[in-house]
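**Q** Those protein sequences? They're chains S, V, B, E and U, same order as listed. All residue numbers for the first sequence refer to our numbering, where the first residue is 1 and numbers rise by one. All residue numbers for the second sequence refer to our numbering, where the first residue is 1 and numbers rise by one. All residue numbers for the third sequence refer to our numbering, where the first residue is 1 and numbers rise by one. All residue numbers for the fourth sequence refer to our numbering, where the first residue is 1 and numbers rise by one. All residue numbers for the fifth sequence refer to our numbering, where the first residue is 1 and numbers rise by one.
Accuracy of the hints is not assured; some may be wrong.
Which bits of chain E does chain B cover? Going by a derived footprint, with three or more residues having C-beta under 8 Å, they are [stated by the list, open to error]: (1) 118-130; (2) 173-187; (3) 204-212; (4) 225-237.
Derived by calculation from the structure, the hints in this document are not laboratory data. Positions of the beta carbon are idealized from the N, C-alpha and C atoms, including for glycine.
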Amino acid sequence: MLQLKNISKNFGGLQVLQDVNFNVPQGGIFGLIGPNGAGKTTVFNLITGLLRASGGAIEFDGQDIGKVAAHKITERGIARTFQNIRVFKEMTLLENVVVGMHDHMDYSFGSVLLNLGGYRRIEAQARERALELLSWLRLDHKAHMLADSLSYGEQRKLEFARALATKPKLLLLDEPVAGMNPAEKTELMEEILNIKQRGFSIFMIEHDMRFVMGLCDRIAVLNFGRIIAEGSPDEIKNNQEVIEAYLGKEDSE
Amino acid sequence: MTATANSNPATILQVRDLAVSYGHIEAVKGIELDLKQGEITALVGANGAGKSTTLLAISGLLKPQRGQVLLGQQDLTRLAPHKIVQSGVVQVAEGRATLTTLSVAENLALGAYTRQDKENIAKDLDWVYSLFPVLRRRKDGLAGNLSGGEQQMLAIGRALMAKPRVLLLDEPSMGLAPLLVQEIFRIVEEINRTGLTILLVEQNVRQALRIAQHGYVLENGKIVLADSGSNLLNNPKVLEAYLGG
Amino acid sequence: MLEQQLINALSLGSVYALFALGFTLVFGVLGVINLSHGAIFMLGSYAALLLIEHFALPLWLAMLAAMLASGLIGLAVDYLVLRPLRARNAPHLAPMIATIGVATILTSLAQGLFGAENKRFPVGTIPEESYNWGNLHVTAVQIGIVVISFILMLVLLAVMRRTQLGRALRAIAESPKAAYLLGINVEGLFYLTSFAAAALGGAAGVLVGLSFNAITPFMGQPMLHKGIAVIILGGMGDIRGAMIAGLFLGFAEVLTVAYISSDFRDAVGFGLLFLILLVKPSGMFGKVLERKA
Amino acid sequence: ADVKLGLAAALTGPAAKYGVAIKNGFTLAADEVNAAGGVNGNKLQLIIEDEQGKKEEAINVFKKLIFKDKALLVFGPTLSNSAFAADPIANAAKVVAFGTSNTADGITAMGPFTFRNSVMEADVLPVTTRAAVKHFGIKKVAIIYGNDDAFTKSGYDVFKGTLADQKIPVTTTEAYAKGDVDFKAQLTKIKASNPDAIVCSCLTEEAANIILQTRALGMKQPFIGGNGLNSPKLFDIAKGAGDDTIMGSPWSPENLTPANKAFIAAYKAKFGSDPDQFAAQAYDALHVVADALKKIKLSGAIDKDRIALQQALPSVTIEGATGKFAFRKAPAVTGKEVGYDAQQEAIVNIAKGGKFILLK
Amino acid sequence: MDWWDGFWSTYNTVIFSLGVNAMLALSIYVTLSCGLLSLANAAFMGIGAYAASLISMQTGLPFPVALAVGGALPALVALIIGIPTLRLSGVYLAMATLGFGEVVRVVVLNMDITGGPLGLNGIPLKTEWWHIVLLLALTLYILARMRRSKIGRAFEAIKEDEVAARLMGVNVAGYKLLAFVIGAAIAGVAGGLNAHYTFTIGPGNYAFENAVEILTMAVFGGTGSLVGPTLGGMILTLLPEALRDFNSYRAVVNGLILVLVILYLPKGIWDPRRIRHWLKTFSQRKPQAGGSN
Ligand SMILES: Nc1ncnc2c1ncn2[C@@H]1O[C@H](COP(=O)(O)OP(=O)(O)OP(=O)(O)O)[C@@H](O)[C@H]1O
Ligand SMILES: Nc1ncnc2c1ncn2[C@@H]1O[C@H](COP(=O)(O)OP(=O)(O)OP(=O)(O)O)[C@@H](O)[C@H]1O
Ligand SMILES: [Mg+2]
Ligand SMILES: [Mg+2]
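Excised from the complex, chain S in its bound form (with noise of 0.2 Å):
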């Protein structure tokens, strides 16, 4: 559903993507990986529209997005959490995950300033969908405290959450368990799996090997700013220029 054709990028005189190409096939999960700067992150930050590709095209659904507004990406159906935890720390959970059903409230400003019937529907419509977005992620018993009382893990989950209520057809994860342990890493593996199993089509960069292999379908692997392989994580796991540039030699971790 979404094709890389030829990007490349660069930050001035630095080169980071060359010539990337790999489709993220509907429905299943799909993973990213690379070594620190290998430009993963820059990958989803052009699929987001955060940042312009310099060469190439990006087509998602079979319509190029490589020159669209970030908002309007979202529009279309791309929702992503980032790498570094994002949350409206300020705003309830709840609120958090209603900001991103931003695009789904239609009423008009009028029916906002005379508090119309309309304007309460949708309103009450959109919290009791961020509850239960919130109850997919077992967060929902926290839904009024504000989102900067929350864990480190549990900012990631309440990111997710307010991914959803975009109502993405695909989601980006960027390192969606860094920083949390294996416990709690395999209760995310679930509930990702969940989330793919409720019809969501899912792209995630990821240095945990134990998770990335567990989870994904395919995998493309990024060193340098180009792919050096791609293919099912059996596959990934034996190449050895990938083990030589990123996994290393054989460990449990």
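Using the hints, position chains V, B, E and U with the ligands against chain S.
**A** Chains V, B, E and U with the ligands alone, transformed into the frame defined by chain S:
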């Protein structure tokens, strides 16, 4: 891990009944820790358990509600943060606190900020460069242009420049690629072999406990388990709660 | 006429740069737009005036004493107002507004103590006649201001670039937390910075008082406006930037008078600021180190 | 009973230098009148409020003096801008607003209760200019003025008209803004245009500074100015450099009439410093009002008394510190009743040896 | 009733200013709530004041029309300058908007229709108390409704994290512009109201100091809710009146209060959590003096 000959080294840093609060939330609720001279001690626990809070309190960046941190006879909780660094307790904080607008060499020079023995600094710089050759190659570049793993190395190297007696490491492997994670753990062990005492906070529980002589498990601001690293690694409770069964 | 205007511009620009040096230092290290800098500048001027009028101190000594005095005021402002705000991690607006309050207090105290009228340094404090080359006229104070502001800038730059102290200050500027963990006495250096910046402000006050004979309780305000334009143009906390932007503003104003119209002289600073920011959102020399995600 | 007279003056803020002199002038005169037994046996009581030189404050202070303190009349405010804000209040309440320092055009057009004894620049500057042209044999002049201040800007407008009337070419016109201290750029331009004299519509401190910087640029031209330059402060700052400045004003310390001599001596004795024009006009204003009060019988009904005072004022003439003084009806405006301006001779002075003396 | 008449005629201008200043504080609150530190509100107030006054003075159009234009013109100007300016963030935006204000001042100063430095005099008295009450209430109502809708949430999200907000589908540039325009309109209407009870306006009424004063009112009151700025605007209007007895040291006390509020009431005067906390400690231990912290 092999428990080596000197089985009973002296305690260098003691944490006694330490409690720390953020406003009304008590994040650390009276904990005890002992760091033995020349050993790696691991502190593990879930997100929000209070690990970073403990380290920040040891370094004097947070004021504890009660309790003491003793370095030998000296009570660190009475000292200003810069005095604590001067007395030899140095921390590499969570999230790569590199100074991105300074060059790599300047970062390292600042590491030695509190040192009195200026003549040995050059020697230690060489040592750090030999631990992390990439830093020597990038020494005149801005630290902000380093990759995540390189920044982590810089942060550790910079802390070493202070010639610490006790090194506090807060999640040095966070967000790093597998290859680099191994590299970081190798380096931590290597540094430790020079006789440096290390308190290692990690989410990467398995690796941390593997290289640590001692370990503590922190849950909700309290120490719930304390044992040798290898025992903890085989403790069913730890296995279940932190290693995912 | 052009030559004379260039001299005018150089000396005016140096005045702006001199004022901006301390202003930008605080901005750079403490991350605070200290709006009491103008009032401190004014008090420096009065301090030297009092010392010369009542104790007949020689100028250089009065100048040093005035720098000390204004430095101490800056230190007091830091201790009483900025430190508590730092301690609770107050957002940027808080110190800015608190220093407006401080400026109000200092200005009206000065008015109570010294009156609202203009004062000047006694005749003969500094040689008043100008040096002439043909049609060109330069006064001793003009030369003094240019020389002193360049020296101060170079010293400040050298300290920031080449010494451990300067590195420590830059470390604090980027992340006080990281600086603490390096064993830097962060609070101590905050005080030192506030002191030094205020002392520089005081020195500027003395020199401006000497050259323009217009010491009033309100003299800091217009200077503060220009100073704001200068430090923003020069890039946050950038010492060399402040110096260049100060000179730039001096030249812009003088050349506007010379070739466009004096009606627009005072709009030039902020007008340029407005335009330049639109083209380059981080000031003439500012660099942005912000990653997107 | 005491007669309450309100005074709204700028006692703090940048305009305080005028406001304080004005306050001194009033208290001096009030003390004199009271020491002599008051007016018709009534003591004069001054109620002084600080209006800070801000328009909202001027309105508030006027209202307080008129409605709360029930003053019979209100003096002030200090700045013309504030008068435009405050005087309509007085006119609506039918209370005399008596300005002693408001020189701007249109002040007295605000209503029949607006009075002033400050002489308009339009009355003074033509005389001054003519005298200066004759004295120095001036052929062409340059102008410098403050363009963001109502007083200096209207002074400039008058000068411009006057120079056109008298057919004196202007080589260049330069402006500056409040708070400026460096005028060298403008002065260099003036220098290049080579005028015979420099016309300066400025306030004292800027004028002093401008004069000093002119000399530092090696220029020798004399200055011509108005009211704004009439202050001993000019020489505190400019010292001898101010010599040959020609200035027109209704008041001069060198004007050796008995009334003026008495005023200067009393002022010095009371305040320990030399008076300026603002003090002198304030001093005279109080005597003008005292004179009017003599002619009426206070009924105790404040509204009536206020109107009685307004009707008595126009016919007052005195011989004060500023010389012979009378009111004249302000120029007519269609559809509106107007107030009263000052009818007074201008005195042309020239600076010599660090003070103004009369230009013969 | 006599008492009331006397009170009203003495203090009605102050009372008018309470409402107008509350509106001004709210106008900057709108932009602040969207994370924009814009200091252009004094300029917008000025544009509104001039526009409304000129209509009143030179045409026979009724007051509501004058006020409407006084709100619409600044909104239009905000729309035009907002597009390039709002790319800036933080201090840079503050300074660019301050620069814009300065440019507006100089333009007004050099125009004939505005009366240059003399300003406009003899503006008819048209503002009545209920105009102010009505418009303030309307402002509060609209802003309160907005806060509870997706618009208010979008503002808040932008304030907290622009990038994240953008990826939640919020049209960040559009909403920022909306906040800027709404703020400009409110300030413009406030300016129009103010001009019609102070009889005179001049370029000096809408300068740097006024911009900072408006900001101060909002921050002083607290920018967490609508109550804060409203209260802040009102209290800072009353303060000088209340301090009249301090005479020449009034400004000192004024400044001191400002500093103390910033230091000890970080969220401004109106901080519901703190007030609740106080009430609790008060009702719990009755005789003991002094709250905690
Ligand atoms: N806005 C930017 N300006 C300049 N350089 C940038 C910018 N964003 C990223 N880079 C550089 O591009 C390279 C790739 O960065 P990116 O964040 O995509 O890496 P990554 O693969 O996500 O790494 P990690 O695993 O550490 O998160 C790095 O060298 C980084 O310094
Ligand atoms: N600045 C703060 N203000 C309020 N609460 C905080 C703050 N920092 C941390 N906390 C809370 O204190 C508790 C302990 O946090 P701490 O950062 O010490 O955890 P940690 O063990 O280091 O977790 P992680 O593995 O996620 O880094 C958490 O509940 C957290 O929400
Ligand atoms: Mg990344
Ligand atoms: Mg932590």
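**Q** Work down the list of hints and note, for each, if the structure agrees.
**A** Hints and how they fare:
Proximity of the region 118-130 of chain E to chain B, defined as three or more residues with a beta carbon under 8 Å from a beta carbon of that chain, is not established by the 0 residues found. With 12 residues having a beta carbon nearer than 8 Å to a beta carbon of chain B, the region 173-187 of chain E meets the requirement of three or more and the stated coverage holds. Judged by the Cβ-Cβ criterion of 8 Å, the region 204-212 of chain E is covered by chain B as claimed, because 6 of its residues qualify and three suffice. Counting residues of the region 225-237 of chain E whose CB falls under 8 Å from any CB of chain B gives 3; the rule of at least 3 is met.
The structure is inconsistent with hint 1 alone, although it conforms to all the rest.
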